[in-house]
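Take the given structure of chain A and dock chain B to it, following the hints.
Protein chains: 2
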Amino acid sequence: MNNIKLDPLFNQLTSLLGNRFSVAEAVRQHHGEEMTHYDVCLPDAVAFPLTTEEVSQIVTLCNHYEIPVIPYGAGTALEGNFLAVGGGISMDFSRMDNVVAIHGEDLDCTVEAGVTREQLNLAVRDLGLFFPIDPGANATLGGMAATRASGTNAVRYGTMRDNVLSLKAVMADGTIITTSSRTKKSSAGYDLTRLLVGSEGTLAVITEVTVKLYGMPEAMSSAVCPFNSLEGAIKTVVDTIQMGIPIARIELIDTLLVEIINRFSDFNYPVEPTLFMEFHGSETSVKEQAEMVEEIAMLHGGHAFQWATRPEDRTKLWKARHEAFMYLRAAFPGKDFLVTDVCVPISRLAECIHETHQDIKDINITAPMVGHVGDGNFHLTIPYDKNNPDDVTMIERLNTRLVERAIKMGGTCTGEHGIGLGKKKFMAQEHGAALNYMKTIKVALDPKNILNPHKIFDL
Amino acid sequence: MNNIKLDPLFNQLTSLLGNRFSVAEAVRQHHGEEMTHYDVCLPDAVAFPLTTEEVSQIVTLCNHYEIPVIPYGAGTALEGNFLAVGGGISMDFSRMDNVVAIHGEDLDCTVEAGVTREQLNLAVRDLGLFFPIDPGANATLGGMAATRASGTNAVRYGTMRDNVLSLKAVMADGTIITTSSRTKKSSAGYDLTRLLVGSEGTLAVITEVTVKLYGMPEAMSSAVCPFNSLEGAIKTVVDTIQMGIPIARIELIDTLLVEIINRFSDFNYPVEPTLFMEFHGSETSVKEQAEMVEEIAMLHGGHAFQWATRPEDRTKLWKARHEAFMYLRAAFPGKDFLVTDVCVPISRLAECIHETHQDIKDINITAPMVGHVGDGNFHLTIPYDKNNPDDVTMIERLNTRLVERAIKMGGTCTGEHGIGLGKKKFMAQEHGAALNYMKTIKVALDPKNILNPHKIFDL
Numbered sequence: 002m003n004n005i006k007l008d009p010l011f012n013q014l015t016s017l018l019g020n021r022f023s024v025a026e027a028v029r030q031h032h033g034e035e036m037t038h039y040d041v042c043l044p045d046a047v048a049f050p051l052t053t054e055e056v057s058q059i060v061t062l063c064n065h066y067e068i069p070v071i072p073y074g075a076g077t078a079l080e081g082n083f084l085a086v087g088g089g090i091s092m093d094f095s096r097m098d099n100v101v102a103i104h105g106e107d108l109d110c111t112v113e114a115g116v117t118r119e120q121l122n123l124a125v126r127d128l129g130l131f132f133p134i135d136p137g138a139n140a141t142l143g144g145m146a147a148t149r150a151s152g153t154n155a156v157r158y159g160t161m162r163d164n165v166l167s168l169k170a171v172m173a174d175g176t177i178i179t180t181s182s183r184t185k186k187s188s189a190g191y192d193l194t195r196l197l198v199g200s201e202g203t204l205a206v207i208t209e210v211t212v213k214l215y216g217m218p219e220a221m222s223s224a225v226c227p228f229n230s231l232e233g234a235i236k237t238v239v240d241t242i243q244m245g246i247p248i249a250r251i252e253l254i255d256t257l258l259v260e261i262i263n264r265f266s267d268f269n270y271p272v273e274p275t276l277f278m279e280f281h282g283s284e285t286s287v288k289e290q291a292e293m294v295e296e297i298a299m300l301h302g303g304h305a306f307q308w309a310t311r312p313e314d315r316t317k318l319w320k321a322r323h324e325a326f327m328y329l330r331a332a333f334p335g336k337d338f339l340v341t342d343v344c345v346p347i348s349r350l351a352e353c354i355h356e357t358h359q360d361i362k363d364i365n366i367t368a369p370m371v372g373h374v375g376d377g378n379f380h381l382t383i384p385y386d387k388n389n390p391d392d393v394t395m396i397e398r399l400n401t402r403l404v405e406r407a408i409k410m411g412g413t414c415t416g417e418h419g420i421g422l423g424k425k426k427f428m429a430q431e432h433g434a435a436l437n438y439m440k441t442i443k444v445a446l447d448p449k450n451i452l453n454p455h456k457i458f459d460l
Numbered sequence: 002m003n004n005i006k007l008d009p010l011f012n013q014l015t016s017l018l019g020n021r022f023s024v025a026e027a028v029r030q031h032h033g034e035e036m037t038h039y040d041v042c043l044p045d046a047v048a049f050p051l052t053t054e055e056v057s058q059i060v061t062l063c064n065h066y067e068i069p070v071i072p073y074g075a076g077t078a079l080e081g082n083f084l085a086v087g088g089g090i091s092m093d094f095s096r097m098d099n100v101v102a103i104h105g106e107d108l109d110c111t112v113e114a115g116v117t118r119e120q121l122n123l124a125v126r127d128l129g130l131f132f133p134i135d136p137g138a139n140a141t142l143g144g145m146a147a148t149r150a151s152g153t154n155a156v157r158y159g160t161m162r163d164n165v166l167s168l169k170a171v172m173a174d175g176t177i178i179t180t181s182s183r184t185k186k187s188s189a190g191y192d193l194t195r196l197l198v199g200s201e202g203t204l205a206v207i208t209e210v211t212v213k214l215y216g217m218p219e220a221m222s223s224a225v226c227p228f229n230s231l232e233g234a235i236k237t238v239v240d241t242i243q244m245g246i247p248i249a250r251i252e253l254i255d256t257l258l259v260e261i262i263n264r265f266s267d268f269n270y271p272v273e274p275t276l277f278m279e280f281h282g283s284e285t286s287v288k289e290q291a292e293m294v295e296e297i298a299m300l301h302g303g304h305a306f307q308w309a310t311r312p313e314d315r316t317k318l319w320k321a322r323h324e325a326f327m328y329l330r331a332a333f334p335g336k337d338f339l340v341t342d343v344c345v346p347i348s349r350l351a352e353c354i355h356e357t358h359q360d361i362k363d364i365n366i367t368a369p370m371v372g373h374v375g376d377g378n379f380h381l382t383i384p385y386d387k388n389n390p391d392d393v394t395m396i397e398r399l400n401t402r403l404v405e406r407a408i409k410m411g412g413t414c415t416g417e418h419g420i421g422l423g424k425k426k427f428m429a430q431e432h433g434a435a436l437n438y439m440k441t442i443k444v445a446l447d448p449k450n451i452l453n454p455h456k457i458f459d460l
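Protein sequences, first through last, are from chains A and B.
Remember, the working numbering sits 1 above the position in the first sequence when you count from 1.
Remember, the working numbering sits 1 above the position in the second sequence when you count from 1.
Warning: the hint list may mix true and false statements.
Below, a list of computed lysine to aspartate or glutamate pairs in the EDC-like style, where the Cα atoms sit at most 16 Å apart [stated by the list, open to error]:
#1 A:K213 with B:D163
#2 B:K288 with A:E260
#3 B:K213 with A:D163
#4 B:K213 with B:D163
Simulated DEER-style distance windows between Cβ atoms [claimed, not checked]:
#5 B:G216 with A:K6: 55 to 61 Å
#6 B:D8 with A:L460: 38 to 44 Å
#7 A:E313 with B:N437: 49 to 55 Å
#8 A:L300 with B:L17: 51 to 57 Å
#9 B:M244 with A:S230: 40 to 46 Å
#10 B:K440 with A:H323: 39 to 45 Å
#11 B:N437 with A:L460: 19 to 25 Å
Pulled from the structure, derived: some chain A residues nowhere near chain B, Cβ distances all over 12 Å [claimed, not checked]:
#12 F11
#13 D127
#14 N263
#15 W319
Derived by calculation from the structure, the hints in this document are not laboratory data.
Backbone N, C-alpha and C fix where the C-beta goes; we use that ideal spot for every residue, glycine too.
One chain only, chain A, in its complex shape:
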């Protein structure tokens, strides 16, 4: 990075932020490392703003000196989304963690971008409300909005796209905007809210997020069901969705991952393809939903449908699901991990998973699969050695085949991880001519290309 620009910028940021501006190696290291296979990539410095106004001042300065600004939430991204590949300032939102306003009557809530989903849920719990979007990791709301996150509950409650009502954001020139009112609907002009949701910090820096809340369901119950075959489990999911059963979660865990969960938690499930499920509603409707799904499962080789109605059993179940990646790291010590996800129309899900499993078998690797299959979305987590060129070639080929298969089936190269660095190469294939207009918008809104540059696409 050019010191002629950096020196005066750093001086001004130091006088603005004091010790909330850091060039310390350890701090930069912390902001330059992902938990997946991406190489470490340090920002030149890290800023810790306290307010939207400070964010605006920082962005204004960076825009003036043409130095990149990369928003940083909880650091749980998976596709290199926050790595400072062009250098610049990592903007850490951990100190912007205030709940700004809870409108219980309106079922919405405004939080600063650094508030995590667990913190948000704690803040609204006593009102009998909850925020359903759950990507597994305890991500920040700002980061979740930026990557259009979703996760296990999306099959019923939608993704961040559906649940963000409004954003406060700082544009590349430092201007603070509010993208819309927090009403349930509006036809007043362009949908800037959803333009920024999923833009991964490349169009604006999100500083506040207003999201929908939901009344805690009167009843919740979870179930686990192993299947004789992967096909049977997938057919159960497809039938459940097609029948319009409002299931809250329906997660597919393949045999390999069941074995790993058994090994690292205190579960002892049959080592077979398994569905983890959750039902929300009134007592009557939860019972009705669950009975219908059990019936469907039995038709497709499901057996030993196990209930977990006690909150502690439910929590234990979903904890195991969420910690699967941690278990995987423990199961393959010293390995790097490629974590990838695709999403297809549900009518193609069985075929897509089947062909992918065949690929995995052909190259004889370990690649556990887990899926938010109610949405047609599934993940592979592949341990490998990134210093072994053969491994790298093999993994890249597998990922490319997976993504191209999904796109050919009318799907997308990522259901919920975002493009970051890792999926840039598939953007043209997925979007065709539309990609040019994404670039047009980027250039118009960030003419100096300072906002998280080199992400989503190259200009």
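Same frame as chain A, now just chain B:
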């Protein structure tokens, strides 16, 4: 309009489209008239494309000659959205009315922009599916996407924002794009789908719309309930929403409109503020929902809760609701009508309606109110004489006070009609600095300002 440009353009469009290009006065008249108070405003010509490729050719030519293109659906817009105020070509989608693909298993469907919602519902009915968005008028899917329409079912199923999965569209330079895959979710780049939804034809011309479908509910029932007071009716709505009861429709009809509905249909309701409701679900859940709402209504002065479970009674009920505007025109022959809508957070709905009623009382006019109140959205339809300057002043003042009140309460100047011409003056007040970035996007995507110019905002 400049003949030096028009003559060669018209020659080329005639040779492209033959008799599907018309400059006939009667045809232009039909495309230059809204059903509300806007002055007649004729386009220079009307084109009737058959394919997306033709739309692309027309737009390419218009862009070359810098002549406006204004998409035209069913002509049911209410805010001057399709009036050719800068001259140009009205592009009528009535002959692009093919259902392109129905993916019953995926619960989605692709239609050309000229397909109407009734036509769509007919096409999917035999599969046991339906498309819930219902703005009252039998609008086209292209028009509904362009204005981010919603209507009576939005309280449960959301608006066009939530239900459009993907669009095919022609950009200002004539390029054909597809905005995204039709998967239920994706994190792959900017959300062009939702950028175009609600852009009123100012950023691109929508030629195909892919929407979500839903399984026809096992059970549906409707109910009508009159209340002692408007406040009681509103409180019932607010409590219903806050309790998370998944009601499908909950519409408020004020006393004045009940009287008019009684006069022009064969209903004979008590002349009191009234809720029209509909419940969707399983037999059990419909019953459960309805009993809960009845209980809430009784607490707030509701009485004579009447059921309509037979399909023909339900249809009759919603027909009366949808034809209310027609009845109003019959009740006030020779009058012009200002039709306006606002939307506020539901916690402010009672206050907003109360103050608005007070305004109406103060100036002693007739202004029936109807509302999709479950979303905080309500409408006034005000008969007046637009040739009477006093009437005009009074109506404009009432509308301005209504909108400013809504915005001050955290609301929006339009819940579902769009900005068109009529609400442009409120855009700055509602959006502040964000408005400039909408303009930036418009200029970037349509540098010659040919796509429905002078709508939403002036440049």
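Right, here's what the structure says about each hint:
no.: 1; hint: A:K213 with B:D163; in the structure: holds, 14 Å
no.: 2; hint: B:K288 with A:E260; in the structure: violated, 44 Å
no.: 3; hint: B:K213 with A:D163; in the structure: holds, 14 Å
no.: 4; hint: B:K213 with B:D163; in the structure: holds, 9 Å
no.: 5; hint: B:G216 with A:K6: 55 to 61 Å; in the structure: holds, 58 Å
no.: 6; hint: B:D8 with A:L460: 38 to 44 Å; in the structure: holds, 40 Å
no.: 7; hint: A:E313 with B:N437: 49 to 55 Å; in the structure: holds, 52 Å
no.: 8; hint: A:L300 with B:L17: 51 to 57 Å; in the structure: holds, 55 Å
no.: 9; hint: B:M244 with A:S230: 40 to 46 Å; in the structure: holds, 42 Å
no.: 10; hint: B:K440 with A:H323: 39 to 45 Å; in the structure: holds, 44 Å
no.: 11; hint: B:N437 with A:L460: 19 to 25 Å; in the structure: holds, 22 Å
no.: 12; hint: F11; in the structure: holds, 28 Å
no.: 13; hint: D127; in the structure: holds, 16 Å
no.: 14; hint: N263; in the structure: holds, 30 Å
no.: 15; hint: W319; in the structure: holds, 20 Å
In the structure shown, a violation is registered for the earlier hint numbered 2 alone.
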